[in-house]
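S.K.: One-letter residues, chain by chain:
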Amino acid sequence: MVEGTSAPIKIAARGVERHFGADPGTAVHALGPFDLDVAEGEFVCVVGPSGCGKSTFLRIVAGLLRPSKGDIELYAEASSETPVAMVFQDYSIYPWKTVERNVSFGLELRGVSKKEAVERGRHWLERLGLADFAKAYPDTLSGGMRQRVSIARALTVEPEILLMDEPFAALDAQLRQVLQDELLDIWQSEARRTVVFITHSLEEAIVLGDRVVVMSARPGTLVQSVDVPFARPRTPELRARAEFNDFKNELWQLLKGEVEHYMEAVRATGATDGGAR
Amino acid sequence: MSDSPQVVLRRTASDAEKNPGATARRRRMIEVGLAILGPLVFLGLWEVCVRNDWWLDGRLISSPWEIITSERLREAEVWEAVWVTTVRMLKGFVIGTVLGLILGVAMGINRYARAALNSTLTALYTVPKIALLPVYLLLFGFDEAPRVYMIATVVFFFVWIYTMAPIMAVPMGYREAAASFNATGWQMFRHVLWPAALPQIFVGLRVSAGVAVLMVIAVELILPRDGIGYFVNRGRELGLPDNTFLGVLLAALLGIVFVGVVRQIGRWMTPWAPEDNSPGQI
Ligand SMILES: Nc1ncnc2c1ncn2[C@@H]1O[C@H](COP(=O)(O)OP(=O)(O)OP(=O)(O)O)[C@@H](O)[C@H]1O
Ligand SMILES: [Mg+2]
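Those sequence lines, one after another, are chains A and B.
For the first sequence, the numbering used here assigns the number 1 to the initial residue and increments by one for each residue that follows.
For the second sequence, the numbering used here assigns the number 278 to the initial residue and increments by one for each residue that follows.
For the record, the hints were derived by calculation from the structure and aren't laboratory data.
One or more of the hints may lead you astray.
Which stretches of chain A does chain B cover? Using the computed rule of at least three CB atoms under 8 Å from a CB of chain B, they are [what the hints assert, rightly or not]: (1) 17–23; (2) 60–70; (3) 74–87.
In silico negatives: residues of chain A with every beta carbon more than 12 Å from chain B [stated by the list, open to error]: (4) V112; (5) E119; (6) F133; (7) E203; (8) L238; (9) N249; (10) Q253; (11) G257; (12) E260.
This one's a predicted model, so the numbers in the text were calculated from it and none came from an experiment.
Note that the Cβ used here is the ideal one computed from N, Cα and C, for glycine as well.
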């Protein structure tokens, strides 16, 4: 049970660690031990210095990668077809599929007929303002539109748990804000899914999240988990409030130490850690 | 919601994560073992079939054991044949590769070079290369040259296509990043186009390496004078099945070694390229 809520646990991570490489000389301790509980219907944002293992953690939750130690349990409805879906930073949508077929991809993999899959994807295409581009190929879309396709693709399978790895990082500031607001609206108006959302932007984390989890420099561990004190439903105007900035500064104090830590490590190793992504 | 039946998805370490070193070694051993086992099974089946006269007639066809233990292996003639064939193949391979790279690069980079040469080369590409042999004999005499050029020709076409295509396919983003630093044409080639295409080029070189072995034997069978192909042929003519099958085995071995060498050079020259992204099974 997560403090202050009565919702059951959806994700329970216990002592999760990940190392890369077999050779002791070059092996990297990327993550952990990391513990995290996420309640059903909770929107958790994870922040931390570059290379601290955020993506690694998310990929383990998604089942794309196994931990080296520890375990994560996800509690899903037995009836759900695709309990977990992920939105990747680089979109990972397929250039050889039209927008609507990209969006229906997850359902088609589940054996849903093409016609029905496309039909069910249409709702999300409309919701994300892509209806006019259903038959277009991704190469003809802008970066922001591609990211919407990738979000629509994840939402179309109606996942209980939605994992998002810096989904807006590649977008410009305005577009980023637009998509944040859209996601906020979608999440608050539809059945509230459990979301783990990785970001480098504290503002984004506060606008969207019920809770912000701050991770340490690599190997990432939990520094602190802070509840976001702003009531739902939130509106984009929240950003303009004085309390918003105060809270952001508070979080920045927490994170700053870790980022400095990371910068020192980078300087000490001659920035050889740069490949972190 | 929480009253409905639940399932738990568990993400935990498997053996591969708990003992990465041991797992990597074990995987490597299994791979090497299978790589050896495959041919052994094949040779074993061959052996059994010949001995028992199943399918294969023991009077006409030698078993692998007979070949390996045959007296012939100790004769200088055999190793001379291997040497002649290897040198001939390497000459053809190098000439074909150099020409293929030059034209592949030129046509990959320059649209006018492409426009000028594409249809001609494509037309030539479709000509069965063996049909060129009489032409080559007329052009280059009857000595070593036409033999080497036959191999070079076939290698050339593979290298050309496998060089041109990946250079043309280098993504815009890579090009633009260099262009934004005002890269010269040579710099663009040296720092972006060539390394971006190199992994694919090596795919082509591996294909060509196999084809070079194929061609050298074919040429030696058609123009019998020396080499493994001649050795094979003479075994048939003289009714010495050992000879024939020894030749076939030697050709296969030459192929394995040569393709392996090219692959290894590729590994050294493209350390950034993942050997494969596949996790091992779908
Ligand atoms: N496949 C891999 N092989 C080797 N090392 C890896 C691999 N994936 C990640 N790492 C290393 O693990 C560490 C954590 O990587 P990860 O991508 O999880 O960081 P991150 O917190 O998502 O960083 P960023 O905020 O920059 O995206 C890094 O040091 C990285 O170099
Ligand atoms: Mg990352």
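S.K.: Please flag the earlier hints that this structure goes against, numbers listed from lowest up.
M.R.: none
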